[in-house]
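Starting from the known structure of chain A, arrange chain B on it as the hints suggest.
Quick mapping for you: the protein sequence lines, in order, are chains A and B. Following full-length UniProt numbering, the numbering of the first sequence begins with 1 at its first residue and continues without gaps. Following full-length UniProt numbering, the numbering of the second sequence begins with 1 at its first residue and continues without gaps.
No false leads were mixed into what you were given.
The list treats identical chains as one, so a pair stands whether inside a single copy or across any two.
Calculated cross-link-like contacts (lysine-lysine; reagent style BS3-like; alpha-carbon spacing at most 30 Å):
{"no.": "1", "residue 1": "K163", "residue 2": "K194"}
{"no.": "2", "residue 1": "K14", "residue 2": "K125"}
{"no.": "3", "residue 1": "K242", "residue 2": "K127"}
{"no.": "4", "residue 1": "K241", "residue 2": "K125"}
{"no.": "5", "residue 1": "K321", "residue 2": "K393"}
{"no.": "6", "residue 1": "K470", "residue 2": "K550"}
{"no.": "7", "residue 1": "K242", "residue 2": "K513"}
{"no.": "8", "residue 1": "K147", "residue 2": "K242"}
{"no.": "9", "residue 1": "K334", "residue 2": "K408"}
{"no.": "10", "residue 1": "K2", "residue 2": "K415"}
{"no.": "11", "residue 1": "K393", "residue 2": "K242"}
{"no.": "12", "residue 1": "K393", "residue 2": "K404"}
{"no.": "13", "residue 1": "K125", "residue 2": "K99"}
{"no.": "14", "residue 1": "K125", "residue 2": "K98"}
If you're looking for bench data, these hints aren't it; they were derived computationally from the structure. Note that the structure is predicted; figures quoted are calculated from it, not measured.
There are 2 protein chains.
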Amino acid sequence: MKVSALQQNRYGYKPKLPRILSEKLETIAATGSGATKSVADQEELKALFSNTYGKPVVTFTKGKNPGVKKQLRVGVILSGGQAPGGHNVIAGLYDGIKKGNPDSKLFGFLGGPSGLIEASYAEIKDKRIDEYRNTGGFDIIGSGRTKIETDEQIAASINTAKKMKLDAIVIIGGDDSNTNAALLAEHFLNAGLKTQVIGVPKTIDGDLKNNMIETSFGFDTATKTYAELIGNIERDANSAKKYWHFIKLMGRSASHIALECALQTQPNICLISEEIEAKKMTLRQITDGICSVIAARAENNENFGVILIPEGLVEFVPEMKVLIAELNDLMAVKAEEFNALEDFAAQSRWLHANLSRASAETFATLPEEIAKQFLMDRDPHGNVQVSRIETEKLLISLVSSKLKEMAKAGKYKGKFSSYNHFFGYEGRCAFPSNFDADYCYSLGFTAFMLIASGFTGYLSSVRNLTAPAKEWIAGGVPLTMMMNMEQRHGSKKPVIKKALVELDGKPFKAFAKNRETWAVKTSYLYPGAIQYAGPDEVCNQPTQTLILEKGKSGTGAGRKPAAAKPAAAAASAAAGKKNVTKRVKRAGK
Amino acid sequence: MKVSALQQNRYGYKPKLPRILSEKLETIAATGSGATKSVADQEELKALFSNTYGKPVVTFTKGKNPGVKKQLRVGVILSGGQAPGGHNVIAGLYDGIKKGNPDSKLFGFLGGPSGLIEASYAEIKDKRIDEYRNTGGFDIIGSGRTKIETDEQIAASINTAKKMKLDAIVIIGGDDSNTNAALLAEHFLNAGLKTQVIGVPKTIDGDLKNNMIETSFGFDTATKTYAELIGNIERDANSAKKYWHFIKLMGRSASHIALECALQTQPNICLISEEIEAKKMTLRQITDGICSVIAARAENNENFGVILIPEGLVEFVPEMKVLIAELNDLMAVKAEEFNALEDFAAQSRWLHANLSRASAETFATLPEEIAKQFLMDRDPHGNVQVSRIETEKLLISLVSSKLKEMAKAGKYKGKFSSYNHFFGYEGRCAFPSNFDADYCYSLGFTAFMLIASGFTGYLSSVRNLTAPAKEWIAGGVPLTMMMNMEQRHGSKKPVIKKALVELDGKPFKAFAKNRETWAVKTSYLYPGAIQYAGPDEVCNQPTQTLILEKGKSGTGAGRKPAAAKPAAAAASAAAGKKNVTKRVKRAGK
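The shape of chain A in the complex, shown without the other chains (with noise of 0.2 Å):
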C-alpha cells in the first residue's frame, strides 16, 4: 500500500491515555455511583429500557478486575458520517481487547449497521489496524447510515450476534446511532442474549454532548480544518481588499461548528441559527443586518468580508421553517401530482395553488436556482434536503439586491462583489488532530474495559479534556441517562437529546461579546494547518468551544481575548428585536 509522507509519519505517533489507562488491566476497577435517570420522561424511558434504565455512571480507578483478562468476541460499527479519528476509537479497543488477552478477537462490521443485519463482516488483525492508525476516514470498514429499527431488523441483529458468539458490540455513531445501540442493549438482554452493547459519541457537528459528554469526536479536527480554509480566505480578503466571501459550514441543525470557526478565526459575521430561531429573525431581517454591517464596512472604504453561516439556517428562519414544513407535508401526499408536473414554471403554478398564501409568497421571493433546491433531490421521506439549499448564494441574491436598495437611497456607497463556499466534506476525513487521535484512543480502549467490566447500554466517556490527556477521566454514561421522548415521522420515540448551541453558554456569550467590533474592525485570525508536530500551543490545544466550556483561560495563541468595544452593530444583534440570550428550544421538539 502506497501512502503520503504524512500517513506513514503518523503510524509512528502514540496516542496518549488517561492514566488509569495505562495501570496493569486488573488493577483498573469500575467504580458506580448510585443510580441516575433520563433527561426528561422518566417513567415513559423506564418502561421502555425495563432492563437497562437508571444505572450508575462509571468511572475507572485503581482498584480490582479479575475478570478484565477473559477471551472476547467483539464485534464494530461505524454508523453515520465520516468524523476524524474513527479509525483510532478501533485501535484503542482493538489494542484494548488484545491487552486483555491475545486469543480475543475483533470483528468489524462493513458498510455500517447493514453489516450487523446482514452479518457482513471481517476479521482486524494486527497488519490491518496499523495501516489505518492515526488516519482520518471510516474506511478501515466503511460506514452506513441504515437504522436497526424494525423487528426484522432487530430479529436479524440478534441472529448475527447469536451466530458470530460476540460477547459485545460497539457502536460509533452519533445521537441516531447511539438511540439505536440503547435499543438494541434492551432488546438483547431481553433476548436473553449475553452481548453488551457499548456507544461511542461520534459527529462533526458538536451537538452529541451534555454533562457527561464533554464534545463528540471529530469535532476538533473537523473545525479546525474548516478554521484553516476561512483563515486563509480571510487573509485573502484582506489582501486582495475587493471580496465578500459567504461561507456555509457543515453541521446539521446545530450552529456549533460556525461557533466554533468563528471564535477561531473572528470573521465580520457569523450567523447562528439559535439565535435567529430565538429572535424569530425573517431573511429580510438577517438581510438587513449583514447589509449594515457591509455598509459600514463600506464606509471605511473596507468592501470586504467573511460571513459565516450555519447549514441549518433555513430550517431556524420562521417564514423558511413553515414553507419546508408545508413542502414535507405537500409532498407526503400529493407527490405523484406533483412529480408528473413538467417544469419549474408548472410547479410554481402548483405550489402557488397547494402552499399557504404566506409560504406562496416566501417561495415566490426566492431566486429561481434556489427555489428549484427547495423541490429536488428530497430525501427517502420525500423531505426537503435542507442540506443541499444553497443558503450561501440566498443570501449573496438577497443581499445584493437590499444593497442595490440602499445605494439608490444613498445609504450605501461601496461596490459589492461576492463569493460562496460551501465546507464540510473538506474536513470530515481529515488527520484527526493530536487531540482527537488522543481522545479517540481513549475512547475506544474505555469501550473495551466497560465491555471487559460487564456493561450494557452504556456510552464510553472520556472526560476532563482541557487538561493534559493523563488526567483525562474515563468511565461510561448510561444511554438511556441522556435520552427523552421525541415526536419522529408522527410517532413519540425515545431518543438522544440533541445539544443546540447554548445562548447563555459561555461559548456563545464570548463570540456575542466580540462580535461588533469583529464586525467593522477587521481582526481576523489566521490558524493555519493543523499541526501534529511543535509546541503544545500549536498542536495540542482543545476547541475553543471547550476551553470555554470548561472554564480554562486564553484563546488562540493562548492569550486574552481582545476586549470588545463599542461599535456599529453586528449583523445579527443589528437586526434582532430583542435581546433574547435565555436558553432555546431543543430540536424535534
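Chain B only, in chain A's frame:
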C-alpha cells in the same frame, strides 16, 4: 496584535538561504556569461528594449563586490493575485538591504502598482516586517491589478521614482506584472533615471516558468493546500462509497495546479486542458470519457469517485472556445443592445439570432444556470469571466444526463450522486510551506543582491530547487530573455511567454502512465495538512512537478510510484481520438 498560535510559532522560523548568500556581502559577486536572446521575435524585442535586451544571465558566486554596502532607497510592489510567500520575499529583500547598510530604506507601495502611480507608500521597518515573517497573504502592503501601461501611468511612475529618489523598485508578480517590470526598466533608462527594476516570479498557477525559472513561488503551498482538501474528500468518498465529487481547481489557463494535485492525490480522473485542446475533444467526448470511468467503477460496485477539473477548461474545448470568442466579439460591439434585453429568455432569442449557428447550438445545450454565467459578470473589456463559470456543475449536468441514457440502454447499472467544489481562495493565502518560505526569502535576498550589483530589467532567480536550500543557485535572468510578441486586445505586444502543461513533459507523462489504473482501481493518496515541523519528507518536500521535471526520483512518501497496469480507459484517453503527445501551442497564439 492578537495572532494565532501557529502564526506566533512561525515568527520563529528562520528561512534557509543558498549557501553563497550567507557569505559576507562584499564577497558575493555577480558573474555573467554572454549575451542572451528572447525566446522568439528577437528583432522586434531588441528594438523595443534597446537598453535592456541581450544582457547576460548572472549567478552569484564567491568574488568581490565592493559597492554592495552603499546606502539604498528601494520600493517594493505586490502585484496581482495573492500567492503564499509574498511576505517572505519582502522579508528577504528587507534583511538584505539592512545587512548591506542599516541606513538603507525599504518602501512598500500600497495596493499594488497603483501605489507607484499615485505615490502611495509606507516605509517598512523592523516591527512591521517582523509581524509578517513566514505568514501568508499580501496584507502587509496590499496588492492590486492595475497595469502600468499607458504613457500617463509611466510618466507618473517616473515621477514617483524621482521624487522618492528610488535606487530600485522590486515588482513581485506573475507574467503580466513582470512584463510591466521589463517595460518600466526600459522606460526608466530612456528617461535617464537611475531607478533599477527587478522582478520576482510569483503565481500559484505555476505558469511562469522556463529553463531559468524552475517554479513560481506560491505554487508549492497552494497545491499542497488543495491536495490536502482533495485527499480528505477522497477519503470521505472511499468511506461513504456513494458520492462522486467534481472538484474545480484554480489556475487560469494552465492545468499545472490540477496536474500537481493529481500527482499528489491519485484521483480517478483529472482533466488536463492542454491535452483536451491538443486532441480537440468536444464536451460530448469529455462527458463520454468520464461516464465510461463511472460505469467501469459501478461494475466493481464502487459508485463513488473524485474528478479534478482545471479552472480554464472551457477555453480549451473547441466549441466552447468558439462560443466564448463569439460572445466576447458580440459584446464588444453590441453590448448596449444586449444589456437592454429584459430577461434570460429574451437574451437567448437574441443570441440565437446573433451567434453563428454552431455556437447558438452549443449555447442552447448548456443548462440554464450555466448559460447565465456566460452572460453575467463580464470583465471590464466585456469578456466572459471564465473563472466564474461553474464548469464543475456543467460537467455534473452533462454526465448525469448521459448516465441516464446509458442506464436506459443497459450500459450502466450504478447509482450516481454528486457534489461539486471549487478550490482557489482557500490556498492563495495559506502560511507558506517551508519550501515557499525558504524560496521566497531567497528570491527577496537575491533581488537585493541584483540591485546592489547594479542590474535592471532582471528577474530574481533561484535554481536547483530539488536540492537542499544551501545548494540552491542564486542569480538573475534578463526579463527580455523570456519574452515574445503576442496579440493582446487587438495589437501585438511584448509579453513573457506563459508556460502551459507540456504533454511531452515528465509530470504529464507520469500522470498519463498511471491514470488508467487510478481511474478504476481506487488508489487515493491522502497528503494531509501542510506540516511546518517534522522530518524532511513530511515538511520539506518540493512539488511532484518540480521533482519530476528536475529528475529526482520518488513521489509522495519518497517511495516508487505504483506501476501502471492496463485497465479500463481513463477519461481523456478513452474519449480522445489520437494519442497526441507533441508539445501544445502556447497560450495567446
